[in-house]
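Colleague: Below, each chain spelled out in residue letters.
Number of protein chains: 2
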Amino acid sequence: QNNNFNTASVRVFSLNCWGIRYLSKHCPQRYAMIGDLLSKEEHDIVLLQEVWSEKDFLNLKKKLACSHPHCHYFKSGVIGSGLAIFCKHRIHDTFLYRYSLNGYPYMAHHGDWFGGKAVGMAVIKIGSMTANVYVTHLHAEYCREKDSYLPHRVVQAWELQQFIRHTSAGADVVIVGGDLNMHPQDLGNRLLRAYTGLRDSYLETANFDGCEDGMTLIADNPFISKKELVPFEKGIRIDYILFKGSSKTDMHCDSMSTTKGSIPDHPFPYSDHEALTAELRMEPHTPTEPGHDKKSMDQDSGTLMFLCGASMMRYTATRTGIMGLALLFLELAIAAVPWLALGAEQPFPRTSFYLLAALCCAILLTTFLLYIFYTMELKSLQGAEDQMRLAVGSLQEKLRGFPLPQPYSTHRKPPEGQEPSAFDPEE
Amino acid sequence: QNNNFNTASVRVFSLNCWGIRYLSKHCPQRYAMIGDLLSKEEHDIVLLQEVWSEKDFLNLKKKLACSHPHCHYFKSGVIGSGLAIFCKHRIHDTFLYRYSLNGYPYMAHHGDWFGGKAVGMAVIKIGSMTANVYVTHLHAEYCREKDSYLPHRVVQAWELQQFIRHTSAGADVVIVGGDLNMHPQDLGNRLLRAYTGLRDSYLETANFDGCEDGMTLIADNPFISKKELVPFEKGIRIDYILFKGSSKTDMHCDSMSTTKGSIPDHPFPYSDHEALTAELRMEPHTPTEPGHDKKSMDQDSGTLMFLCGASMMRYTATRTGIMGLALLFLELAIAAVPWLALGAEQPFPRTSFYLLAALCCAILLTTFLLYIFYTMELKSLQGAEDQMRLAVGSLQEKLRGFPLPQPYSTHRKPPEGQEPSAFDPEE
Numbered sequence: 001q002n003n004n005f006n007t008a009s010v011r012v013f014s015l016n017c018w019g020i021r022y023l024s025k026h027c028p029q030r031y032a033m034i035g036d037l038l039s040k041e042e043h044d045i046v047l048l049q050e051v052w053s054e055k056d057f058l059n060l061k062k063k064l065a066c067s068h069p070h071c072h073y074f075k076s077g078v079i080g081s082g083l084a085i086f087c088k089h090r091i092h093d094t095f096l097y098r099y100s101l102n103g104y105p106y107m108a109h110h111g112d113w114f115g116g117k118a119v120g121m122a123v124i125k126i127g128s129m130t131a132n133v134y135v136t137h138l139h140a141e142y143c144r145e146k147d148s149y150l151p152h153r154v155v156q157a158w159e160l161q162q163f164i165r166h167t168s169a170g171a172d173v174v175i176v177g178g179d180l181n182m183h184p185q186d187l188g189n190r191l192l193r194a195y196t197g198l199r200d201s202y203l204e205t206a207n208f209d210g211c212e213d214g215m216t217l218i219a220d221n222p223f224i225s226k227k228e229l230v231p232f233e234k235g236i237r238i239d240y241i242l243f244k245g246s247s248k249t250d251m252h253c254d255s256m257s258t259t260k261g262s263i264p265d266h267p268f269p270y271s272d273h274e275a276l277t278a279e280l281r282m283e284p285h286t287p288t289e290p291g292h293d294k295k296s297m298d299q300d301s302g303t304l305m306f307l308c309g310a311s312m313m314r315y316t317a318t319r320t321g322i323m324g325l326a327l328l329f330l331e332l333a334i335a336a337v338p339w340l341a342l343g344a345e346q347p348f349p350r351t352s353f354y355l356l357a358a359l360c361c362a363i364l365l366t367t368f369l370l371y372i373f374y375t376m377e378l379k380s381l382q383g384a385e386d387q388m389r390l391a392v393g394s395l396q397e398k399l400r401g402f403p404l405p406q407p408y409s410t411h412r413k414p415p416e417g418q419e420p421s422a423f424d425p426e427e
Numbered sequence: 001q002n003n004n005f006n007t008a009s010v011r012v013f014s015l016n017c018w019g020i021r022y023l024s025k026h027c028p029q030r031y032a033m034i035g036d037l038l039s040k041e042e043h044d045i046v047l048l049q050e051v052w053s054e055k056d057f058l059n060l061k062k063k064l065a066c067s068h069p070h071c072h073y074f075k076s077g078v079i080g081s082g083l084a085i086f087c088k089h090r091i092h093d094t095f096l097y098r099y100s101l102n103g104y105p106y107m108a109h110h111g112d113w114f115g116g117k118a119v120g121m122a123v124i125k126i127g128s129m130t131a132n133v134y135v136t137h138l139h140a141e142y143c144r145e146k147d148s149y150l151p152h153r154v155v156q157a158w159e160l161q162q163f164i165r166h167t168s169a170g171a172d173v174v175i176v177g178g179d180l181n182m183h184p185q186d187l188g189n190r191l192l193r194a195y196t197g198l199r200d201s202y203l204e205t206a207n208f209d210g211c212e213d214g215m216t217l218i219a220d221n222p223f224i225s226k227k228e229l230v231p232f233e234k235g236i237r238i239d240y241i242l243f244k245g246s247s248k249t250d251m252h253c254d255s256m257s258t259t260k261g262s263i264p265d266h267p268f269p270y271s272d273h274e275a276l277t278a279e280l281r282m283e284p285h286t287p288t289e290p291g292h293d294k295k296s297m298d299q300d301s302g303t304l305m306f307l308c309g310a311s312m313m314r315y316t317a318t319r320t321g322i323m324g325l326a327l328l329f330l331e332l333a334i335a336a337v338p339w340l341a342l343g344a345e346q347p348f349p350r351t352s353f354y355l356l357a358a359l360c361c362a363i364l365l366t367t368f369l370l371y372i373f374y375t376m377e378l379k380s381l382q383g384a385e386d387q388m389r390l391a392v393g394s395l396q397e398k399l400r401g402f403p404l405p406q407p408y409s410t411h412r413k414p415p416e417g418q419e420p421s422a423f424d425p426e427e
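In the order they appear, the protein sequences are chains C and L.
In terms of full-length UniProt numbering, the first sequence has 313 at position 313, counting the first letter as 1, and numbering is strictly consecutive.
In terms of full-length UniProt numbering, the second sequence has 189 at position 189, counting the first letter as 1, and numbering is strictly consecutive.
Worth flagging that the hints you see were computed from the coordinates, not collected in a lab.
Keep in mind that a hint or two might mislead.
Claimed, not checked - List of simulated lysine-lysine pairs, PhoX-like, C-alpha gap at most 25 Å:
1) K125/C - K398/L
2) K248/L - K125/C
3) K248/C - K248/L
4) K226/L - K146/L
To be verified - DEER-style ranges, computed between Cβ atoms:
5) E141/L - H26/C: 28 to 36 Å
6) R389/C - A169/L: 44 to 52 Å
7) R389/C - R144/L: 36 to 44 Å
8) C361/C - F329/L: 20 to 28 Å
9) C143/C - S9/L: 42 to 50 Å
10) K125/C - T320/L: 21 to 29 Å
11) T320/L - K25/C: 32 to 40 Å
12) S9/L - P69/C: 31 to 39 Å
13) P105/L - P222/C: 39 to 47 Å
14) E228/L - F353/C: 43 to 51 Å
Ideal Cβ placement from N, Cα and C applies to all residues, glycine included.
Whole structure, please, built from the sequences with the hints as guidance.
Modeller: Laid out in structure tokens, this is it:
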């Protein structure tokens, strides 16, 4: 696969498999199709999402034993993270980061909480280069107009960029694939790209073959109901293959393609999402200037408003809990009166009494669990906000030109007759 | 603080503050003492654990505004992680990794689950050097003989080493402080040191002043009940300051000290744990050979037996749940008989009927929650085991001498008349 001396190229595949056993349509047939495709195409790196059943993963593993001898399934949460990676190159190390926020357990029909959404990392060697490969799946967006999971997804995107940034310092190249459940211009997506310097295969390549505007959830896919996509009639782009090089290695996207809703000779497509394939080329180079970890500053206005929501929910839970407690005390008081006035008749029908008591206890238990849960949510949101503030503070310090290492300032002289500008638009 | 050209030294402080408001003895007075100590001593880096209340953190922050202008409180779980860092140098970035296993919510009197134990990271610059500073607190050991939390602590130690290893590639030096709740020779501790190459200040310094054997939980501390320490009459060493340099920087521990149970002019000590102070010296150097990331292979036999325990617990929960369900059906059947045979008398006393129904529902709910919880526990254990297998596999490959980069082999010639040995004892 080496095109010339020292240059290597990798083909990366990413697909949200929609693999809910017994619920997703044609699940076993689609897995068979996916297995056939992968063993035929022999991509270097295969990043799969929503492989909810470990059995399906093990079947794939068996089928791909020759084409992709190395693989890893990331376990997390109640059901699993659904993340899997297959690789032609040996996987040297893996690491999983579970997002601190991921939906609500009582929204069982959405199921995200039970999945334990996470980002999985695998360290592989391609020739002499170390590649950190990430696969992730963020919280689904069920309704764009009234998206109650927006704070969760933004915090997930924040944690994703942090995880990638902090774990990739030793890597020559970084490859990220997965279903981000975010449109290209969504806040979380901008946060991710701005802070990590990751580039979008679709935007970087001159050689694209696939759906209009790179869409990965399209109206032409028979598994997609047209209603879900409103107001984006043709479809949306929410799956990505992102990449970046390092000070030691340049990375380019030579070509990129997506499936287009239907597959020749097959009655249905691989999944409800389209599959992505990117051909990435890596070239070692001598460092000339520090990497492109440009950070943008206008990104942190997002979480403050979310904190309100979570603390209001917790407040409601507390209030309901207190009402339940008051009711229980009232009932006990009513029961205590005839017990104290010995011999008096019990004024309360016995059945209603027990039912009411059971109701009170149920309210108390539920509100207690909710209180705990919302407290955890609030803590995660506050934690993300603190970290954002810190990042902005550190950046402002840099911009103000305090005695911190400033990679760009040494290369450039200030224009004559002018004070050195503290604000550098390129940073 | 720079001793000579390019050499820097940092004083690091670590203390488990035992800061449970209203429950820990003399909590406000002890915080005042800790604040006084810190503002007087002006350590470069202060790592605190068990600062359970954010208010106490904010009070400390106010008090240390001059001596330690930069600080961060790590939020996590229901109560918080209890982790805080105060620093003379600007904190550029922080990141929190929550351990996937951390006790049981129903063991409320142990409280670990509610704390959301984690490892916090802060990136700071000391002169021109980047230091990654970690603060953590692992699950408590309540009974060494029958330690039901052992698997949790081992998985936490595994995740800690992974987190440190993967996030510290870009750092010149690494500093870790905290209450590991593990003795020096415990499996988790060996895992941590073997995989990261971290060195123990206490073992590395020639200049130690403190309790015998570096103990940090000692019988002489008035907050410690002698019973807790049995069979270690004098005390145990469970708090650590660990460090390592990098290919660019050497790191040494010049001196180390601990408090000794009582403080002159004060009626009681700072906490039930002893405080640690280490003076670390950093020297930039030109890389001569790759770092000392020696890995030992005999460490992964630990989790397999833990998996049994967790799956047995889940099995018990399932069985109890099924019994609850059966009981509920039985009751409904008994109730249905007179309802079907119209006019027949209800044979069941109404009150007992409702009580029994409530009991069944409670059993079902509880076992359902437990089932979910144990499934998550099992997944985390399996995940850690998979990662350990992978690490061992990658290592075995290396030892076998497959075409992987072998840092040592190029420097050395095989002895004459002998085949190049595939087994390199130094790797």
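Colleague: Assess, step by step, whether the Cα of K125/C is no farther than 25 Å from the Cα of K398/L, and give holds or violated.
Modeller: 13 Å, holds
Colleague: Tell me if the beta carbons of P105/L and P222/C are separated by a distance inside 39 to 47 Å.
Modeller: Hint holds: Cβ distance 44 Å, inside 39 to 47 Å.
Colleague: Should the hint that E141/L and H26/C are 28 to 36 Å apart at their CB atoms be regarded as holding?
Modeller: 51 Å, violated
Colleague: Taking the beta carbons of C361/C and F329/L, is their distance inside 20 to 28 Å?
Modeller: 23 Å, holds
Colleague: With respect to the beta-carbon atoms only, verify the hint that C143/C and S9/L lie 42 to 50 Å apart.
Modeller: 57 Å, violated
Colleague: Between K248/C and K248/L, is the straight-line Cα distance small enough, at 25 Å or below?
Modeller: The given pair, whose Cα atoms are some 17 Å apart, holds under the 25 Å limit.
Colleague: Is the gap between the beta carbons of E228/L and F353/C within 43 to 51 Å?
Modeller: 46 Å, holds
Colleague: For the pair supplied as a hint, K248/L and K125/C, is the alpha-carbon distance within the 25 Å limit?
Modeller: At roughly 23 Å apart (the allowed maximum being 25 Å), K125/C and K248/L satisfy the hint.
Colleague: Do the Cβ positions of S9/L and P69/C conform to the proposed distance bound of 31 to 39 Å?
Modeller: Roughly 49 Å apart at Cβ, these two residues miss the hinted range, so it is violated.
Colleague: Can the restraint linking K226/L and K146/L be considered satisfied, given a maximum Cα separation of 25 Å?
Modeller: Holds, at roughly 18 Å.
Colleague: Mind checking the hinted window 21 to 29 Å against the Cβ distance between K125/C and T320/L?
Modeller: For K125/C and T320/L the Cβ distance comes to about 49 Å; the hint is violated.
Colleague: Can you let me know if the beta-carbon spacing of R389/C and R144/L is within 36 to 44 Å?
Modeller: 42 Å, holds
Of the numbered hints listed earlier, those contradicted by the structure are 5, 6, 9, 10, 12.
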